[in-house]
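J.: Sequence:
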Amino acid sequence: AQEHMILANLGDCRGVISCSTGSSLDDTVNHRVLQRDGWTELEIDDLGDDETGSETQWNGTSYFDDKDPSVRCWWKEVAEIHSPSREDERVRIEKANGWVTTETEMPIGQLKRMDLYDEDVVEILKRCFSDRYQSSQQSSTPSKRCNAAPHRILQISRVCGELAVSRALGDRDFKAAFNKDDIEDDDHEGNLKDRNANDKSTDNDPSWENLDLFLPWPDNHTQRFSGDLVSAIPEIKTFKVGQKGAVDEFLLLACDGLWDVMDPDDAVRVTRGLLFQKKWAAKKAAARLAEIAIHLGSSDNITVILISFSTKG
Numbered sequence: 001a002q003e004h005m006i007l008a009n010l011g012d013c014r015g016v017i018s019c020s021t022g023s024s025l026d027d028t029v030n031h032r033v034l035q036r037d038g039w040t041e042l043e044i045d046d047l048g049d050d051e052t053g054s055e056t057q058w059n060g061t062s063y064f065d066d067k068d069p070s071v072r073c074w075w076k077e078v079a080e081i082h083s084p085s086r087e088d089e090r091v092r093i094e095k096a097n098g099w100v101t102t103e104t105e106m107p108i109g110q111l112k113r114m115d116l117y118d119e120d121v122v123e124i125l126k127r128c129f130s131d132r133y134q135s136s137q138q139s140s141t142p143s144k145r146c147n148a149a150p151h152r153i154l155q156i157s158r159v160c161g162e163l164a165v166s167r168a169l170g171d172r173d174f175k176a177a178f179n180k181d182d183i184e185d186d187d188h189e190g191n192l193k194d195r196n197a198n199d200k201s202t203d204n205d206p207s208w209e210n211l212d213l214f215l216p217w218p219d220n221h222t223q224r225f226s227g228d229l230v231s232a233i234p235e236i237k238t239f240k241v242g243q244k245g246a247v248d249e250f251l252l253l254a255c256d257g258l259w260d261v262m263d264p265d266d267a268v269r270v271t272r273g274l275l276f277q278k279k280w281a282a283k284k285a286a287a288r289l290a291e292i293a294i295h296l297g298s299s300d301n302i303t304v305i306l307i308s309f310s311t312k313g
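For the sequence shown, our numbering assigns the number 1 to the initial residue and increments by one for each residue that follows.
It is worth saying that the hints were derived from the structure and are not from the lab. Fair warning: this is a prediction, and the values are worked out from it, not measured in the lab. Where a beta carbon is used, it is the ideal one built from N, C-alpha and C, also for glycine. Mixed in with the good hints there might be a few duds.
Straight line, CA to CA, 20 Å or less: simulated EDC-like cross-link-like pairs of lysine to aspartate or glutamate [unchecked claim]:
(1) Lys279 with Glu249
(2) Lys175 with Asp212
(3) Lys95 with Asp265
(4) Lys284 with Glu80
(5) Lys283 with Asp256
(6) Lys175 with Glu162
(7) Lys240 with Glu41
(8) Lys112 with Glu235
(9) Lys237 with Asp88
(10) Lys244 with Asp37
(11) Lys95 with Glu235
(12) Lys126 with Glu43
(13) Lys283 with Glu249
(14) Lys76 with Glu41
(15) Lys180 with Glu209
(16) Lys126 with Asp265
(17) Lys240 with Glu80
(18) Lys237 with Glu80
(19) Lys126 with Asp263
(20) Lys175 with Glu235
(21) Lys112 with Asp265
(22) Lys95 with Asp173
(23) Lys279 with Glu119
(24) Lys175 with Asp88
(25) Lys244 with Glu41
(26) Lys76 with Asp37
(27) Lys240 with Glu89
(28) Lys284 with Glu249
(29) Lys237 with Glu3
(30) Lys278 with Glu291
(31) Lys278 with Glu249
(32) Lys237 with Glu87
(33) Lys278 with Glu119
(34) Lys76 with Glu209
(35) Lys240 with Glu77
(36) Lys244 with Glu3
(37) Lys175 with Glu89
Pair ranges (Cβ atoms, derived) [stated by the list, open to error]:
(38) Asn301 with Pro206: 31 to 37 Å
(39) Ile108 with Gly245: 44 to 50 Å
(40) Ala281 with Tyr117: 22 to 28 Å
Please construct the entire structure, taking both the sequences and the accompanying hints into account.
T.: What follows is the structure, given as structure tokens:
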């Protein structure tokens with residue numbers, strides 16, 4: 001039966017949902033509707049010398065069902081990282097009298113940490129450099145655009161030059177409620193003091209200041225803010241699962257330790273192979289995804305949640 005799933009996302013989490021459908025004209029799932037609703041078809045690799053045009057299989061995970069070549073795989077992004085670079089987030093931050101800085105970086109350290117003995121890592125890298133593996137007959141085929149390629153240039157945006165995430169449950173120093181509370185603390189001499197004694201704002205005044213924040217203040221800044229610089233309000237999305245004709249559905253959620261080194265389509269390919277080719281349990285497959293991220297050179301925290309809906313058409 002078709003069900004609705006509600007997903008509340010906050011912070012550096014990103015998520016994708018994936019399913020498979022048949023390719024017959026009378027298939028109950030309308031592929032045009034899927035594309036209209038933001039689904040992307042997972043492309044079959046064609047990087048080797050296989051003249052049949054079928055997927056080239058290296059020594060790692062097989063991503064497509066060899067028994068049924070008519071199966072079409074789809075994926076859709078359902079949760080987006082809350083970065084200060086997002087236009088809506090930047091506008092909210094600046095409205096609170098904050099600012100967003102951007103720095104450029106090339107992840108040289110990632111190259112040093114890579115484990116090229118991991119066959120899945122090699123396959124992901126081959127897709128990133130697919131134009132170098134294509135023969136002259138395939139040169140007209142556009143190469144895959146890898147947003148997580150190890151040779152990419154990073155543009156890192158930060159809230160007030162500090163935080164690379166614009167929504168979070170923590171980071172209370174960047175939130176109005178914490179800085180406006182009349183909390184008494186001990187001073188160095190053991191006497192109680194009102195930490196907001198110099199705060200002349202009223203309950204109806206959303207402005208606040210935090211003298212403990214050491215920020216790269218812009219010229220002529222008032223050093224006061226109005227509202228939350230980092231929001232604790234989640235972004236809520238609703239999507240359908242268990243649609244008639246759709247099988248092999250799963251939801252993959254992970255923090256940016258995975259997405260920094262793996263594009264969504266690569267994550268979907270690997271996950272599909274682990275769940276439906278190797279028949280791994282979702283927990284084991286999630287652990288393997290985290291391991292691949294480490295072998296791809298990720299240096300950030302890595303949390304992976306994988307839910308297999310096991311829907312039958």
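J.: Indicate, hint by hint, whether the structure satisfies it.
T.: Now for the hints, and whether the structure bears them out:
1. Lys279 with Glu249: holds (14 Å)
2. Lys175 with Asp212: Distance of about 13 Å is within 20 Å: holds.
3. Lys95 with Asp265: violated (35 Å)
4. Lys284 with Glu80: Violated: Lys284 and Glu80 sit about 24 Å apart, past 20 Å.
5. Lys283 with Asp256: OK: Lys283 and Asp256 at ~19 Å, within 20 Å.
6. Lys175 with Glu162: Holds, at roughly 14 Å.
7. Lys240 with Glu41: holds (17 Å)
8. Lys112 with Glu235: violated (36 Å)
9. Lys237 with Asp88: Roughly 16 Å separates the two Cα atoms, so the pair holds.
10. Lys244 with Asp37: holds (16 Å)
11. Lys95 with Glu235: holds (19 Å)
12. Lys126 with Glu43: Distance of about 14 Å is within 20 Å: holds.
13. Lys283 with Glu249: Holds, at about 15 Å.
14. Lys76 with Glu41: holds (9 Å)
15. Lys180 with Glu209: Since the Cα atoms of Lys180 and Glu209 sit roughly 8 Å apart, the hinted pair holds (cutoff 20 Å).
16. Lys126 with Asp265: holds (14 Å)
17. Lys240 with Glu80: Holds, at roughly 18 Å.
18. Lys237 with Glu80: Distance of about 10 Å is within 20 Å: holds.
19. Lys126 with Asp263: Given pair Lys126, Asp263 holds - Cα atoms ~13 Å apart, limit 20 Å.
20. Lys175 with Glu235: The hint holds at about 18 Å.
21. Lys112 with Asp265: Judged against 20 Å, a Cα distance of about 24 Å means the pair is violated.
22. Lys95 with Asp173: Roughly 18 Å between the alpha carbons, so the hint for Lys95 and Asp173 holds.
23. Lys279 with Glu119: holds (18 Å)
24. Lys175 with Asp88: holds (18 Å)
25. Lys244 with Glu41: holds (18 Å)
26. Lys76 with Asp37: holds (9 Å)
27. Lys240 with Glu89: Since the Cα atoms of Lys240 and Glu89 sit roughly 27 Å apart, the hinted pair is violated (cutoff 20 Å).
28. Lys284 with Glu249: holds (17 Å)
29. Lys237 with Glu3: holds (14 Å)
30. Lys278 with Glu291: holds (17 Å)
31. Lys278 with Glu249: holds (16 Å)
32. Lys237 with Glu87: holds (19 Å)
33. Lys278 with Glu119: Measuring from Cα to Cα gives roughly 15 Å; hence the hint holds.
34. Lys76 with Glu209: violated (41 Å)
35. Lys240 with Glu77: holds (13 Å)
36. Lys244 with Glu3: holds (11 Å)
37. Lys175 with Glu89: Given pair Lys175, Glu89 holds - Cα atoms ~15 Å apart, limit 20 Å.
38. Asn301 with Pro206: 31 to 37 Å: holds (32 Å)
39. Ile108 with Gly245: 44 to 50 Å: Holds, at about 47 Å.
40. Ala281 with Tyr117: 22 to 28 Å: holds (25 Å)
Of the hints listed earlier, those the structure fails to meet are numbers 3, 4, 8, 21, 27, 34, in rising order.
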